[in-house]
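Enquirer: One letter stands for each residue in the lines below.
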Amino acid sequence: MTASLHFLTSDLRLLDQIRRGDEGGLVALFESNRRSIRSLISRNSGNADDADDVLQESLIVLWERVRSGTFDQTAKLSTFLYATARNIWLTRLRQKAIEIPRDLDPENYSDDSLSPLEELVATEQVSMIQEALGNIGEQCRKLLLLFYWEELTMEEIADRLGFANADTAKAKKYQCKKALEKALGVLHRK
Amino acid sequence: MIMSDESSNHWTDDEDLLARYVLGQLHVDEITALEKHLEQCKRCADAVVAERLLSAGLKRAGREGLKQRIAARIAERRTPAFSRYKAVGIAAAIVLLVTVAIRYDWFTKPEIQEGEVQSIADTAAPAVQPAAAPQAGAGRAIADAAEPTIKEKKRVPAATSEASRPERDAEARKLAAREKAGMERRADAVKEEEQVLGKQPSVLLSSASKPEELWVEGTLIRDKGAPQYMDRAAEVAEAKNLQLIAKTQALSIDTVAARFSQRPLSALPPAQQRKAGNQTVQTLFRQSPAGLHLTLFSEPSLDEEELQEARLRAISADSLVLFVGTRQIGYKLPPGWLRQQGK
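Quick note, the sequences are listed as chains P and G, same order. When you line the first sequence up against the working numbering, it's residues 130 to 319, in that order. When you line the second sequence up against the working numbering, it's residues 136 to 478, in that order.
So here's chain G without its partners, still in its complex pose (with noise of 0.2 Å):
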């Protein structure tokens, strides 16, 4: 084996010792060898760090695999079992309802005489009908407590007489006014929304909306500047960065070229103000003739020094990281969004 850079030959081209490398299956001996040439070689360095980020998605792949084919066979499991209980408690319930059926004799006909029919519809309407016409009556007031129509079952008890009708009428039309009031609210809303959009409503705003619009939801994924994120796993975290942001750059992660704007919280429209939370950032990304365009809303207002040095990076097709200032806010974009927009 050639560990000497000048030389064409590097062990990294050796595919099953680059592998053995990587998945820590050499003896601690060659393995300081090994990297002993890593030190002055960078394309073995670039060689392993690639064989590292397959085998760790490869990993990662086969256990999304392993996860997704075990909660497929417990939720095959749980389903018949659950329909064979629930079958069960269904006879059970058959059986018991029958039992008690027979017991008190529920399945006999009833012989209701016939003055009792018409006291029956009598009293469901007694001023519906003529009296000369009294089983009709009695039907049609059955028919109209049973059938109310969409608006009055919203509030009209089932048995209504025809002497609350005009309460009825009254408060049918006390409803379309508040009907009415709401539409326009909404109506309202929507305005101030597009107002505050400078009148282009978002994708999430309206279904109708411009394609090259869209609200995104950043999550706050490193802030120097904020004390909870300090404890000991941040600092871990971003030693690791350091070197993540080593290993993105060796794999010629794509910057975004965009602009960058900010406005404050208040700005955002009341549907994206309900999403605001301290770890994450409402951002309108708009896309434009003269490219990609952020908008932040956040609070505190971000320093515009750092905002005009702020770097947007694509880590794939769908995802990015900004950096901005002390943050690093990341964004996942609906499959092939900035595509379509012509990225």
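Bound-form chain P, shown alone (with noise of 0.2 Å):
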């Protein structure tokens, strides 16, 4: 009992954490279910480096469904990170058309994998975003990846970035968004 409650505790103070945007709460899980992790994904065809990696998958989920406020805590982080790692896994070895070994449940694989070509394309689009995101100006980018990425409302946006209103951090949005396409069909055109 004694045990739980200290993992609640522990669990409810590394998500209050990650809602206040402190990356700090990532690293204590990564370094907490490494093991775990670890011992899944060598008994499936993987190794230290893919557990590493996968687990970092899986803290960015988390850290997605918290930040966006779709995170139910029904269990513990660590069944959660558990499952989320056998689920990137198993879309892994799918991908490599690598059979899938019997412990990992084909069952609870959801299907929104990318294709090869797919995730080529998104690969290449992944790193022109990221270079055309380094020659728009830090404010940019940082408005950009909190509206797209994390979808915070531009009230929460212009609270973040010390604009005077939400109608201030929308022109500006509006500003870096043609900022980056403009970057964007430059490097295209390179």
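Please keep in mind that the hints were generated in silico from the structure rather than gathered at the bench. In this text, a Cβ means the ideal position worked out from N, Cα and C, and glycines have one as well. Some hints here could point you the wrong way.
Stated by the list, open to error - Ranges of calculated distance between the beta carbons of each label pair, as one might list FRET restraints:
id	chain 1	residue 1	chain 2	residue 2	range
1	G	Lys202	P	Ser207	17 to 23 Å
2	G	Arg238	P	Gly150	57 to 63 Å
3	P	Ser171	G	Lys309	18 to 24 Å
4	G	Ala393	P	Thr199	45 to 51 Å
5	G	Glu150	P	Glu160	37 to 43 Å
6	G	Gln203	P	Ser207	19 to 25 Å
7	P	Ser207	G	Arg446	46 to 52 Å
8	P	Gly150	G	Ser423	53 to 59 Å
9	G	Asn144	P	Leu141	34 to 40 Å
10	G	Glu302	P	Glu160	55 to 61 Å
Got two chains here, separate frames each, mind docking them using the hints?
Expert: Take a look at the structure:
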């Protein structure tokens, strides 16, 4: 009982950290779940590097769900991370056309993975967008990521980036998007 | 909100509405109404596709950034911890060593008699120096034993006597002959590779090669003819591919003018043969005044008709996808290579 309470308070503290945008909580979760994920992946045709990568991806899923308010805590964070890591690894095995090991349950597999071609295009797209984001200034970079990735409202963005109000943030977002499109156009023509 | 295509107003002109639609932040009734308009308005449909790509790209860029930051913080945390443990370990080992040394009087100078030195020297090099200069002889013999020449280090034991020198010379000659033979074999291999490539070595075979040639390992993205690809995931992927191809067409992704030819795997130079695999296609890219030419080394061989109808498309400045028959092969080129070659 004491142990469960400890986990509960620890999880609540970590979730609160993530809600506040503190990435330190993710590092703590990485350390505490590393061993179990390594064990899962090594039993299923993967190695330690694969395991670390999959755990990082799982933490990002957690981060996005918590930040968007769609995370429903019905289990311990470690249970959520384990299930997410298993699904991510299963998807990767399918992409590599490797036979699915028995202890990964295919029933839990959600088929929203990218095809190899989509993956290739997406990777290119990301690298181009990352490069373009580097050319539009720090404030614009932050604003666009807060809006499109973290899906914050204009009020929240105005508050976070110190704009006078939501309308100012909205006008700035328009300018930043145009700047990004211009930077992408330049990269595409290169 | 005017939804007619005839009108100059399009709902996708409303940046906020467009973004909320793409981010899935609208009510289902609103979505239904907006999608009705999309069926009739190509311009709006294109704007939605572009917004979706931008949104997806930004999401992925955000994730990648976070992933890199997590990895950096983990690495940062691990390095000092490792050093701390290491430092404690080293300190403990030193304390233990000093304790043992003190306990067994390792720091006390041993009282060695002159005769004992002579005895050690004689054991090391009995025939090197005349008996009249025993100490100098001992020094030379120890120096000889401790510092053999670089070649000798490979095979001669540290304390080798004068009597074994002819054997050492013979062994050195053998080694030199073996090294020479090895160099000749390597030179033959390079020549063989050059012959296979029409006497034009590729960049991966020689650092002094021509910049207009490049070996690239193509990844077999999809092969409808290969049964192992036709599982449930592949069927879903295929449907997505069709959508994706439509998207890439909407983005006016370039078709690259190129000619194609093929050769059997056995014609691959040895260095490339070692890299050949089931899911890869070793390909030689060659740029000439006539344009880009790709030589595909694959088995089973491709249908000549399919090869003539093959299309090469650039999905970015440095990534290409070759559509040949039922196959799609992805190529990632070194940054700027196509541009350097005057694409």
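Enquirer: Now look at each hint and say whether the structure bears it out.
Expert: To see whether the hints hold, each was checked on the structure:
no.	hint	verdict
1	Lys202/G x Ser207/P: 17 to 23 Å	holds, 20 Å
2	Arg238/G x Gly150/P: 57 to 63 Å	holds, 58 Å
3	Ser171/P x Lys309/G: 18 to 24 Å	violated, 47 Å
4	Ala393/G x Thr199/P: 45 to 51 Å	holds, 46 Å
5	Glu150/G x Glu160/P: 37 to 43 Å	holds, 42 Å
6	Gln203/G x Ser207/P: 19 to 25 Å	holds, 24 Å
7	Ser207/P x Arg446/G: 46 to 52 Å	holds, 49 Å
8	Gly150/P x Ser423/G: 53 to 59 Å	holds, 55 Å
9	Asn144/G x Leu141/P: 34 to 40 Å	violated, 49 Å
10	Glu302/G x Glu160/P: 55 to 61 Å	holds, 59 Å
Against the hints set out earlier in the document, violations occur for numbers 3, 9.
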